[in-house]
Amino acid sequence: MDALSSLAGGFAIALQPLNLSLAFGGVLVGTLVGMLPGVGPINAIAILLPVIFVTGLPPESALILLAGIYYGSQYGCSISSILLNVPGESSSLMTALDGYAMTREGRSGPALATAAIASFVGGTLSIFALVLLAPLLSQWAIDFGPAEYFALVVFAFTALSTLSGTSAVKGLASTAFGLWLATVGLDPQSAVPRYTFGQIQLLDGMDFVVVTIGLFAVSEVLQLLEEGPVGKTGRLAYGRVLMSMRELRETTATMLRASGLGFVIGTLPGAGSTIASFLAYTAEQRIAGRTGRFGYGDIRGVAAPEAANNAAATGAMIPMLTLGVPGGGTTAVMLGALLGLGITPGPLLIQEEPDLFWGLAASMYVGNVFLLVLNLPLVGVFVRALALPRWFLMPAVTALAFVSVYAVNGTALDLVLMTVFGVVGWGMRKLEFPLAPVVLGLVLGPLMEKNLRRSLALSGGDWGVLFDSPIAIALWVLALASLAAPVVIRRMTTPPTPEGS
Amino acid sequence: MDGKAPTGRRAVHATALAVASVAWLACAPSPETRGWECLAPAAAGGGWDLTCRSVGQVLSELGLARGLVRTTNLPGAGGGVAFARAVAQRNEDPNVLIAASPSTTLRLAQGQYGDLTVDDVRWVGAIGAEYGILAVAADSPLRSLDDVLAAWLRDPSSLVVSGGSAVAGQDHMKMLLLADRAGIDPLRIRYVPFDGGGEAMTALLGGFVDLFSGEASEVEGQITAGRIRVLVTFAPERTEGVLAGVPTARESGVDLTWVTWRGFYVPRGIDDTRYRAWVDVLEQVGRSSEWERARASNRLQPFFMVGSEFDAFVQAQVEDFRRMSRELGLIE
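Line order of the protein sequences matches chains A and B.
Take the first sequence: its letters are residues 55 to 555, numbered as in my numbering.
Take the second sequence: its letters are residues 1490 to 1821, numbered as in my numbering.
If you are wondering where the hints come from, they were derived from the structure by calculation, not from laboratory data.
Please note that the accuracy of each hint is not assured.
Pulled from the structure, derived: some chain B residues nowhere near chain A, Cβ distances all over 12 Å [stated by the list, open to error]:
#, residue
1, Asp1538
2, Glu1581
3, Ala1671
4, Asp1674
5, Arg1679
6, Gly1687
7, Glu1688
8, Glu1726
9, Glu1729
10, Tyr1764
11, Pro1791
12, Asp1800
Ranges of calculated distance between the beta carbons of each label pair, as one might list FRET restraints [as the list claims (entries may be wrong)]:
#, chain 1, residue 1, chain 2, residue 2, range
13, B, Arg1670, A, Leu190, 40 to 48 Å
14, A, Asp409, B, Val1731, 16 to 24 Å
15, A, Glu281, B, Ile1820, 50 to 58 Å
Every residue, glycine too, gets a C-beta built ideally from N, C-alpha and C.
Work out the full structure, taking the sequences as your base and the hints as a guide.
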């Protein structure tokens, strides 16, 4: 097959000593900086950009290095999610739910190993999909208009109900809080500032990193402070380092499904890995049904989002290379680097720059192997970081939180906001409001609002535009099914158990 | 196993710590302040960032700067955070340049930087530019600017334009000015903002909009693939490269240019000698063959204006934008 022979040519490029070592270096650096919340990969690539331009690396080598950092950091983010409950990027938010729960149970080793293996599976499968389907998928990305995006986000929100924990009302309240936060800033459709109180720093809206680190990391530290310097739970235990064969078997199907879902959603420009990991998680949660312990340390709750976000990271290469649309902060920097190297993204890129495209695809495969080989042995090292005495670990997390948040925009206001969100998060934990819906509301809210208003602006105010295409209708049906499913299932099974308190 | 770690635990902890601190160092801002610094008011990879990095590199190559020029990204409020920083905290810093473009002047004109005005900094010069363009999908019935204007004359709301900037931003402003100059009510032009040129272009390709307002560099890949057609450029004369065959708006009978210049300002508080030195430095960069190469690889067209001439240009531009925004009811 043509694509496969081209891929073989790509391997010839990726396996050159220079490119091989760049892929390795990229993956290593990516994993390290990815552990830093939020700013890691973007800054690492930004720091390397001038080096790349000065040394005159051929474009494919430069891209191989940058891509290595990119997916290395995807894995790095999962490490801080699992060990410290600090999701560094919105795509690793879902990993934190069950990953950190597993850590609390002393199962951080299997959680990290699962994350590494799921990332590998998601990455590897999606590369084959990339090679075989790239031309087809760039058309699907084009057909996906504002109305379809709106339906997709609505569908994602209907899936939120499964995340609400004990009380649906509290879940809704958390989501609403997140949606409100999402409205802060300059409204792009009317150029009117909302809830900015005259602060120009707030014109860009609430930064994901500020809110997440406040809600998750700072509130965690506050909560641990209450437990005293040693703590009341046996959290220092770290148990087994690797996952068992049974756990591997248990998660195989999950990884496969999540990889497919992640790749397809990742190819949508701008939607990217957050929606992918979120939908993969909730889908698996529903498939597991009563057998699952999602939210309380189910290993599939780690495997699903990790496979999905790595697959989505690969999928995001398609809109980036063929349409020039970055899927997120890190791909935006890579796009800038490409332009700086004289590469023009466009539908002809694959034909015009075969070395670049196929070399990149092959190097991604090689990089994923490196990632696995590098990280499985390191699981033991990372896990032992938990054994650090708490009087050291907690101040270190706090310091890291402040540095990371300050590094995003370099403004003191962000530090104040982060602290406020820390206190809010602590209060929400006390009152048992779930935290994840706040962040999802913040991330998905703007996507929902912008695309609804775009659809209506395009149609001249006719709401029918929302149900005008087969893709949109399919998504609406899914959304309805997702809302109806829990009710139907409850009806069908014998008397509903009273809600636990 | 409980918390008791095996022998060698200390070494392992040390490794974990080392790993963490290496990662940390990678993104900690350097305390080095002696060299020159270029503030990019956007995240890495954006236009301002590339301006800083490419000019910084040429400065080093020419030996004009002491060592490497450091680029600091200070995103926020469409450049407002960096502008405020230059005014409030760096006012007397002789070693800092800040990247700017018409996005800066547009926001200043619309009062989006709070109380700050164009006179709160000193304008050094611009050494490259892009030009605005208007494009349609390859299968569009619109074949020239005349076709677009004719359709607009019949019914200004019959066509929808996409662009990568917010309402009242650059891509929108181009269309408003175009309509205004052609005698069409700009308030009735339908503009839908997207997140960046790439998404706006995708909407054009998907058939969701009729027109795309953007920059030459945003359309290059799609032009060579034959998927879109550029109807007109807003350059003063024909541009270099793939758009050489596309008429300018002036040729098509509408007197409109849109220059997306790439330039710099410096803090107000530095003395005149230092300001003249900056102008001199930028002039040397702008006339060097090293910059010529960097400019071409960044897809910028030739544009060169420094010192008092540039200062007057910026003042006039802000005035223009303010008048336009007021007429359009975008500001009071």
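Against the structure, the hints:
Its closest Cβ contact with chain A, about 7 Å, brings B:Asp1538 to no more than 12 Å, contrary to its assignment away from the interface. With a least beta-carbon separation of about 19 Å from chain A, B:Glu1581 lies farther than 12 Å from that chain, consistent with its non-interface assignment. Non-interface status of B:Ala1671 relative to chain A is upheld: no Cβ of that chain comes within 12 Å, the nearest being about 22 Å off. The claim that B:Asp1674 lies off the interface holds: its Cβ sits roughly 17 Å from the closest Cβ of chain A, which is beyond the 12 Å cut-off.
Here B:Arg1679 does not stay apart from chain A, with its beta-carbon only about 7 Å from theirs, under the 12 Å limit. Look at B:Gly1687: its CB is around 4 Å from the nearest CB on chain A, not clear of 12 Å, so calling it non-interface is violated. Under the 12 Å C-beta cut-off, the non-interface status given to B:Glu1688 relative to chain A is violated; the minimum distance is some 5 Å. Even its closest Cβ contact with chain A, about 23 Å, leaves B:Glu1726 beyond 12 Å, as expected for a residue assigned away from the interface.
Distance check on B:Glu1729: its Cβ is at least 15 Å (rounded) from any Cβ of chain A, clearing the 12 Å threshold; non-interface status holds. Every Cβ of chain A is farther than 12 Å from the Cβ of B:Tyr1764; the closest lies at roughly 26 Å, confirming the non-interface assignment. A cut-off of 12 Å between C-beta atoms confirms that B:Pro1791 is not in contact with chain A; the least separation is 18 Å. With a least CB separation of 24 Å from chain A, B:Asp1800 remains clear of the 12 Å interface cut-off, as annotated.
For the pair B:Arg1670 and A:Leu190, the supplied restraint of 40 to 48 Å holds, since their beta-carbon distance comes to about 43 Å. A C-beta distance of roughly 22 Å is found between A:Asp409 and B:Val1731, which places it inside the suggested range of 16 to 24 Å. Against the hinted window of 50 to 58 Å, the Cβ-Cβ separation of A:Glu281 and B:Ile1820 comes to about 54 Å, which satisfies the hint.
Checked against the numbered hints given earlier, the structure breaks hints 1, 5, 6, 7 and satisfies all the rest.
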